[in-house]
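Protein chains in written order, with this note's numbering: chain U, 1 to 508; chain C, 1 to 508; chain X, 1 to 508; chain D, 1 to 508.
You may find that some hints are simply not true.
Derived SDA-like pairs: lysine to any residue, alpha-carbon spacing no greater than 25 Å straight-line [said to hold, decoys possible]:
1) Lys367(D) <-> Leu392(D)
2) Lys410(C) <-> Ala110(U)
3) Lys245(D) <-> Asn496(C)
4) Lys502(C) <-> Leu461(D)
5) Lys465(X) <-> Met222(X)
6) Lys367(X) <-> Pro476(D)
7) Lys491(C) <-> Asn356(D)
8) Lys264(X) <-> Gln291(D)
9) Lys502(C) <-> Met109(D)
10) Lys225(U) <-> Asn195(U)
11) Lys245(C) <-> Ala490(D)
12) Lys367(X) <-> Glu340(C)
13) Lys309(D) <-> Gln344(U)
14) Lys355(D) <-> Leu482(C)
15) Lys410(D) <-> Pro106(X)
16) Lys113(U) <-> Lys410(C)
17) Lys410(U) <-> Ala91(C)
18) Lys78(C) <-> Asp191(C)
19) Lys337(X) <-> Asn496(U)
20) Lys464(C) <-> His238(C)
21) Lys225(D) <-> Pro476(D)
22) Lys497(C) <-> Glu488(D)
23) Lys337(C) <-> Glu488(D)
24) Lys367(D) <-> Arg114(X)
25) Lys497(D) <-> His238(C)
26) Lys502(X) <-> Leu243(U)
27) Lys245(D) <-> Gln489(C)
28) Lys264(C) <-> Asn504(D)
Derived by calculation from the structure, the hints in this document are not laboratory data.
Protein chains: 4
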Amino acid sequence: MLGNKKKYIVNGNSGIRAQIQFADQKQEFNKRPTKIGRRSLSRSISQSSTDSYSSAASYTDSSDDETSPRDKQQKNSKGSSDFCVKNIKQAEFGRREIEIAEQEMPALMALRKRAQGEKPLAGAKIVGCTHITAQTAVLMETLGALGAQCRWAACNIYSTLNEVAAALAESGFPVFAWKGESEDDFWWCIDRCVNVEGWQPNMILDDGGDLTHWIYKKYPNMFKKIKGIVEESVTGVHRLYQLSKAGKLCVPAMNVNDSVTKQKFDNLYCCRESILDGLKRTTDMMFGGKQVVVCGYGEVGKGCCAALKAMGSIVYVTEIDPICALQACMDGFRLVKLNEVIRQVDIVITCTGNKNVVTREHLDRMKNSCIVCNMGHSNTEIDVASLRTPELTWERVRSQVDHVIWPDGKRIVLLAEGRLLNLSCSTVPTFVLSITATTQALALIELYNAPEGRYKQDVYLLPKKMDEYVASLHLPTFDAHLTELTDEQAKYLGLNKNGPFKPNYYRY
Amino acid sequence: MLGNKKKYIVNGNSGIRAQIQFADQKQEFNKRPTKIGRRSLSRSISQSSTDSYSSAASYTDSSDDETSPRDKQQKNSKGSSDFCVKNIKQAEFGRREIEIAEQEMPALMALRKRAQGEKPLAGAKIVGCTHITAQTAVLMETLGALGAQCRWAACNIYSTLNEVAAALAESGFPVFAWKGESEDDFWWCIDRCVNVEGWQPNMILDDGGDLTHWIYKKYPNMFKKIKGIVEESVTGVHRLYQLSKAGKLCVPAMNVNDSVTKQKFDNLYCCRESILDGLKRTTDMMFGGKQVVVCGYGEVGKGCCAALKAMGSIVYVTEIDPICALQACMDGFRLVKLNEVIRQVDIVITCTGNKNVVTREHLDRMKNSCIVCNMGHSNTEIDVASLRTPELTWERVRSQVDHVIWPDGKRIVLLAEGRLLNLSCSTVPTFVLSITATTQALALIELYNAPEGRYKQDVYLLPKKMDEYVASLHLPTFDAHLTELTDEQAKYLGLNKNGPFKPNYYRY
Amino acid sequence: MLGNKKKYIVNGNSGIRAQIQFADQKQEFNKRPTKIGRRSLSRSISQSSTDSYSSAASYTDSSDDETSPRDKQQKNSKGSSDFCVKNIKQAEFGRREIEIAEQEMPALMALRKRAQGEKPLAGAKIVGCTHITAQTAVLMETLGALGAQCRWAACNIYSTLNEVAAALAESGFPVFAWKGESEDDFWWCIDRCVNVEGWQPNMILDDGGDLTHWIYKKYPNMFKKIKGIVEESVTGVHRLYQLSKAGKLCVPAMNVNDSVTKQKFDNLYCCRESILDGLKRTTDMMFGGKQVVVCGYGEVGKGCCAALKAMGSIVYVTEIDPICALQACMDGFRLVKLNEVIRQVDIVITCTGNKNVVTREHLDRMKNSCIVCNMGHSNTEIDVASLRTPELTWERVRSQVDHVIWPDGKRIVLLAEGRLLNLSCSTVPTFVLSITATTQALALIELYNAPEGRYKQDVYLLPKKMDEYVASLHLPTFDAHLTELTDEQAKYLGLNKNGPFKPNYYRY
Amino acid sequence: MLGNKKKYIVNGNSGIRAQIQFADQKQEFNKRPTKIGRRSLSRSISQSSTDSYSSAASYTDSSDDETSPRDKQQKNSKGSSDFCVKNIKQAEFGRREIEIAEQEMPALMALRKRAQGEKPLAGAKIVGCTHITAQTAVLMETLGALGAQCRWAACNIYSTLNEVAAALAESGFPVFAWKGESEDDFWWCIDRCVNVEGWQPNMILDDGGDLTHWIYKKYPNMFKKIKGIVEESVTGVHRLYQLSKAGKLCVPAMNVNDSVTKQKFDNLYCCRESILDGLKRTTDMMFGGKQVVVCGYGEVGKGCCAALKAMGSIVYVTEIDPICALQACMDGFRLVKLNEVIRQVDIVITCTGNKNVVTREHLDRMKNSCIVCNMGHSNTEIDVASLRTPELTWERVRSQVDHVIWPDGKRIVLLAEGRLLNLSCSTVPTFVLSITATTQALALIELYNAPEGRYKQDVYLLPKKMDEYVASLHLPTFDAHLTELTDEQAKYLGLNKNGPFKPNYYRY
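If we strip away everything but chain U, and leave its shape as in the complex, we get:
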């Protein structure tokens, strides 16, 4: 919960793949749910989300008809109509995207191969609610290859790639999702996944907790047959822990968000690349010689600092935690308070998971052309609201780039309106998506096959051995050759030759 959390944007459309920039507003809203009105609010489309939506590149369906998919009669080539997508005819485009994604997700493909004999998910009936992208499609088709039946809805009203949804529908997956759903559509789609005659899910794969919430609310009896929940997001995990604390969690749940591979690889290594990518795509700035302050030296901050230092920036760090602060020192960064450097820096980057780290007072003192952006976990880190005052002029100079202009002419360059830079302005490496998807698949297998009693009605971390297995499935990509322990060595170390190789508290 404290760890910095990144989410991703997705690629892909037909012909020319393009970058989708969808607002992370829904996720962020869910993060701190209010009791009343949450549902109605969560689907409202704010000005900013519309804006970022419209800046997405062209799609094959950009000139599509305006008919709601719910009103269309569509069948796939095998005659099934158990799906609801924008346009089933886009299936071929989507298939190509999926094929390209397959090439970049060797771990899932390896799982499929290993499952040719045994079907570890035979009999599993999985209902899923995630972003629907080419990478998700590879996951779903892998689950299918492992023996599972799946039904799927989207966890975000903007993020569905219609062509991919079409391709999945065409190949027989009951998918209920399209880009630009209304809130009502959103819940309707989820309901269509679970409320089926003669089919009842026994596994849940969720991203954000909305699917889980819906079943709790509408079909609590379903939990009797459900063997477990796999949840990927900070928000969803937070909600599961709350349920558990309240004694209301009635099936085992697997927290895949806090797995080692996710935390260490997603946050550190991906941010190391996406900070550069996000800044370049929005500002075309040169990094060499720039003075940068990075607020927060967790995994995300470490990644940002390492990348910018490597590119020749001079990096300052702020921290509240003395241990992380000492790490920053040893890594060669001056540890300062934001106030001490705010007048001189060229870039301010927040990675704290905290709120109001950059205040109006800081913004007032920044120098002309200072760039301000957020790599943390939500849109709270920069007090953007404080900039919406009459004396300041906002000028949108590019998609995701605003100049906020002070009366004296000073301009601050605000990226993504303070939302996540890496979500809004860069792409997420397939490598990360692959790690996450593989972890999800393994978590499903584990929960589905676990002997009675191994998991209780609680939230679990992935067993270390599975974390290690996820990692091992990604090594061939790098032509990396693992060493095996000899019997003698394993005995000396008191380890099983196949792992796990570290105690649970190992820090990596």
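With chain U held as given, fit chains C, X and D onto it using these hints.
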């Protein structure tokens, strides 16, 4: 001449600045001029250049009328019609772009400031032929502020920003340029700059040598009054040296391409950033753990290697020069022959300035999904022609990204069709444009004010002191504080306190 | 237990401080205690330990008399004779060493300052058994300043700095230790610390577990008054866990070896420096361009790899754990099996904590002049015994450097006979000693002041808040300024403003 | 001449190789010769030089008799007595050192091999005056293998390794040198090399210019037969240029000091390593988190900055040259004036080649424990003389380490009394010695074989092709594989396939 050379693409339009991707085909053609047919060919628009042109982002003039600017009657607000641009009404948009560029070119602004008293270019009549961008506009208006009169044409039929041209015309500069000129337009524009009643240039600022060529061919007598030529491109410099060798150079010329600041900063530091940017924007790949071979360890290669190593790639280097090879070793790169690693690498990057560095044989042996791109000086490094054979299928997956597919399904990812990646797929940092523009301005001042006899009819490098001056003008950007020699120290070192500080052969 | 563990050598003597190279043999022996004969063996002085001992630099006592300290009658200036050191007259020299060390241990000095009012160790009677160095002296005198009474023996028969022991005795500390104790001396000294008329310890500070073992064996009743044990070494901690497992641990014990600051800072940051130092001091080799294989990518391996990569070496990594392996990949290292690169590398470094990682077979295949060394946790990693065969010639070329010569003339350069390089051939930064000593002091304070029931008869890690406190005490050294949470932020994060700031499972 | 210049110390003795720390006082003296008294001064042994001498490790001759070698009657095993060394009986020890050095100087060994057929130095009579070390011995024996006759003296009264000199004498080289010569001995030895019945040198290999000076002064007629001088040191080159300027240079001279391989590899890459080594060996400090200011960003400064940044130090740079200053900025260093950071830094390193860069005023303002050292070219950079005032106390805490203590107790840690740190406190990598020795050999071959008229009575740089050849001879050490140009490529580039590959002004 051997040094790797990079060129740039330009940014900017009204409202939303966007990336222009124009073919570097003309430059490349000029590089090795054939005797016959060169002129007609150089303006022909090939399939590929049209393609990359069409991928440029939207412009205010995208919905413009189709009338040729040559057929339009336009006046600026002061009543002048001594210009020819697409649409004078776009002047306001262009002005904003220029103002933004001014913020990023403090060195030129400092030159303006210092010239408030003396006008070092008073009386200068400069005819220019360069890319017409916001940055060029800042240069031109600086030359104006220094006392010069200017007339300007474009050195590339695609690269003109119409809004900027309009803004320049509006503020009184006779500009003859628009995006999408025909070859006939191209020469007509140049001619309109030089063939003027009652005005004769006494300085030339050229980029590529076409303007110089035109005057040589049509108005050789003009050289009597011309004090010098300032040339920026590899190509143009090559042509000047040829003229000089042939005894036909009749005025002094300044080679600004080989200045220290250009060579060391442009090539090393900019490529360090643009290789990452270019690869990310085209492929969204993750750098960590990737195996890369970089062909050539000159400044460009050094920059590419440093960046990729810093991002966690494993980098191999090929070299022909044992000194550069030994540098690669000491910098921590395995020095190999391309054949030795071609089967295992994920990325091949050429930075040699040579031809056929990557041959069909290499391409045949690459592994699936290998990315191939060129950071060198022209489109010769990768033998792309060898890929245009019937058994291979080309698939355009994105702008600037082709999959070339072998009969067995292997795909090679070819970027920018083997043309310069940094020109085609990334942006050029304003910092570099600023260094180049400042160097051009100082070269003009030097040639214009040089006492009789300092420069003969030859090609000169910028005096070291001017190189140092260019550098010093850029230090304030970094809030960098230079130390001054004491009298005692200057005496001890045998130096003038104001420089130059190094012998000419110093290598930096 | 798996984590790589480093120990240190110490500096200092009078006038010219010098490097002590004592064998880590005792520690290593203790690591895997055999049931019988352990005691007699553990003090025997092997050929190798004598050798490294004799290579230590000159000391003020080198020309000392040969009388055993046990046979001497000595008094300090206050008339006390409750100590046994080599020569009380060396006290002044030792005092200067302590004063210099004080300058480098600001955290302990800060603890003294804060304790001026309250004495958190008032009433504490601490018996200690550690290396006796200037840094330990600073710790002991800090404990004294905090209110404790101390009695001290050495945990190693070679490592005592006689001058420092003298200085401590002079200022009133009952110290029983000298360099070159016999095994009988060793236990006699320990016994003199605990077996005192009218004084009984209530706290134990141990390094290796010998003191604890002695009390268990000889004076088990003492544990009734003992509030806790603080243990610093891998070995000692291992023994405590065994006691605990066997239900024989009768007081709470604090494992300071696995504290975050120790693990992350000592292993990663110190090894990053000591690998370079150790290799340089022994071989004067150049790092640039060298091919190196590092076995193991834990914290120690990460430090070694980062340093060598930064110095221009080409680094390969071997790993058994797929997660660490994937980290190596993402950090830019080729992951290989040792066999794959053994013929080509210039240096082999082990950091695994495992045994027989480098076998005779590997050694046979190494190229001429290959350097082999161990940075792991004991002398097991390289199968040195396999090199003691008739056909191989050993040639000692420097202290700690052997050439092992094959019949064909091939030479392998073996450092420190396969014992720890950083212990034998480099120095340990005071920074690390400071972190460890501060952690020990805080652990003593915590155990001594803990309310009844907080700690049971078990082995505990230092509370995270104390880890954070240790870190915070070291920040002033770096002029580092920590940011404080606002009330609003603390509330938002659900944290106490003073920490702890992270959940226990946080990985840093 | 401006370039920073490093010199080296040498390793090796019999049995246990050890580090020699000889004063660079003589070199430094020569640098700025005064007119009167120079000779008598240059040989006087100051307190400090004695000190560093005495700190050298033990030698086989440490217990030698005190008889001057000039008074001894010695013969080698072949009966020759045409030499003068300390003790011919040490030859065997020396031979072993030479054999070890041969393993590390593959380039010279390759030259020997290639010379098996042709003897490019057949007929050459070379008189040499250099440091006499194992590496020099490899050079001399290589010259012999190439056909030359050699006679040799030492260029420094301290640096001779007696065992090596003995080994050379034993194998028939007339060597006149021992460690601890008096000034009179020094010139006597040189004279014995050149003033020989029936033998007259035709080539000079000098280091520092003393040999050249002696011949000029005593035997000017010898120059009639001398084909050229090869000079390696800054000082010697400086003197040659002065001779040339004065029209007094009567033979061609080759300046090997300014060759690319020497400048770029010696200064940049070696300093990158020796700065760390020198600081560690003297102070055992930890680099992580330390604030460092490096004065001067030439090659030496670049090396120091890169190394310290890589080890986690925070590095500031001072510069007088705006181009180097801009490089520092782009490389990620804050460019400051020394005054701005002097109060906060932990380390001050000078690399300027200038004088009084660190003044008493700076020293007064440094914080307690600040370390001050010099990596530049002489002992002028730090105003050490200003510290020799009554109110300051000097305390020698280790060899090469002084604490200078202010009245308020502040201590400054001065290394090597302000002389070159890398000369005094670290070792020089054999790699550099190998490059230099190979360059010297090739320069001798070039001058000796050059056709009449190629070289005039002037000072020359090594032809680029030879620089490239030196580099190529070192590539096999790194198992580096150079790519060869195809005929087509060579033609395209206008290059000879065998080089040279770059224009003379190329900066690398």
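- Message: Taking the earlier hints as the rules, which of them does this structure contradict?
- Response: Hint check: 5, 9, 21, 22 fail, others pass.
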